[in-house]
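**Q** These are the residues of each chain, in order.
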Amino acid sequence: DTAVSQTPKYLVTQMGNDKSIKCEQNLGHDTMYWYKQDSKKFLKIMFSYNNKELIINETVPNRFSPKSPDKAHLNLHINSLELGDSAVYFCASSQDLRPRRKTQYFGPGTRLLVL
Amino acid sequence: SQQGEEDPQALSIQEGENATMNCSYKTSINNLQWYRQNSGRGLVHLILIRSNEREKHSGRLRVTLDTSKKSSSLLITASRAADTASYFCATVREGGSEKLVFGKGTKLTVNP
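Protein sequences appear in the order of chains A and B.
Numbers 1 to 115, taken from the numbering used here, label the letters of the first sequence in order.
Numbers 1001 to 1112, taken from the numbering used here, label the letters of the second sequence in order.
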């Protein structure tokens, strides 16, 4: 049983297109995250939601819009894709926001390639 | 700027040897965590050490934390080829924002 799942696993698209990545967790966690991992393996947080409420919004272009229909789902929509958006996007969840409960569970990643 | 910095960036050892990876950070923390990432996969949590703890063990893993030096180390004893992966430290800032801040990672290769 997959704890945190993401779809699609691979996404190849043209510049200027709009695409979405979906994430679901079946752990009953309150908090979900989106991370971007670049080609140098640097992992940077993009967004965090707690019980469907936006908690963290790092300096991310507004072409990126997260949506949380319920606390088990956090989707990421990207408008007008650019070459620099090519990366691996990871979804993660944690039990809640309390620091000692911030152990995070990661999805397998979505490899986005913008041509 | 980035919170955690691991060193070395890459480490290659023989099976059976011990592997030590270090992490330094810049601000006061609530806890520090280590994660492993196998090639092409998501990160997997290994161990969490709180700011009031100095050492923690989990199986073949030993983590130390020195808050005076703002550094942590991860020791993997009796390494196996299956330990080949990238290892990341991540910190939760004390009294700060809710996010987990990751370092750049150490790429460990264990040769059979």
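These aren't lab readings, by the way, just hints derived from the structure by calculation.
Heads up, the beta-carbon is just placed ideally off N, CA and C, and yes, glycines get one too.
Errors might be hidden in some of the hints.
Using 30 Å as the maximum straight-line C-alpha spacing, the simulated DSSO-like pairs for lysine-lysine come out as follows [to be verified]:
id, chain 1, residue 1, chain 2, residue 2
1, B, Lys1107, B, Lys1070
2, B, Lys1104, A, Lys41
3, B, Lys1107, A, Lys71
Short, incomplete list of chain A residues facing chain B, as computed with Cβ under 7 Å [as the list claims (entries may be wrong)]:
id, residue
4, Leu43
5, Ile45
6, Arg63
7, Phe64
8, Ser68
9, Ala87
10, Gly107
11, Gly109
**Q** All hints are to be evaluated individually against the structure, with a verdict given for each.
**A** Structure-based check of each hint:
no.: 1; hint: B:Lys1107 / B:Lys1070; result: holds, 21 Å
no.: 2; hint: B:Lys1104 / A:Lys41; result: holds, 7 Å
no.: 3; hint: B:Lys1107 / A:Lys71; result: violated, 34 Å
no.: 4; hint: Leu43; result: holds, 4 Å
no.: 5; hint: Ile45; result: holds, 5 Å
no.: 6; hint: Arg63; result: violated, 21 Å
no.: 7; hint: Phe64; result: violated, 16 Å
no.: 8; hint: Ser68; result: violated, 15 Å
no.: 9; hint: Ala87; result: violated, 14 Å
no.: 10; hint: Gly107; result: holds, 5 Å
no.: 11; hint: Gly109; result: holds, 5 Å
Hint check: violations occur at hints 3, 6, 7, 8, 9; the rest are consistent with the structure.
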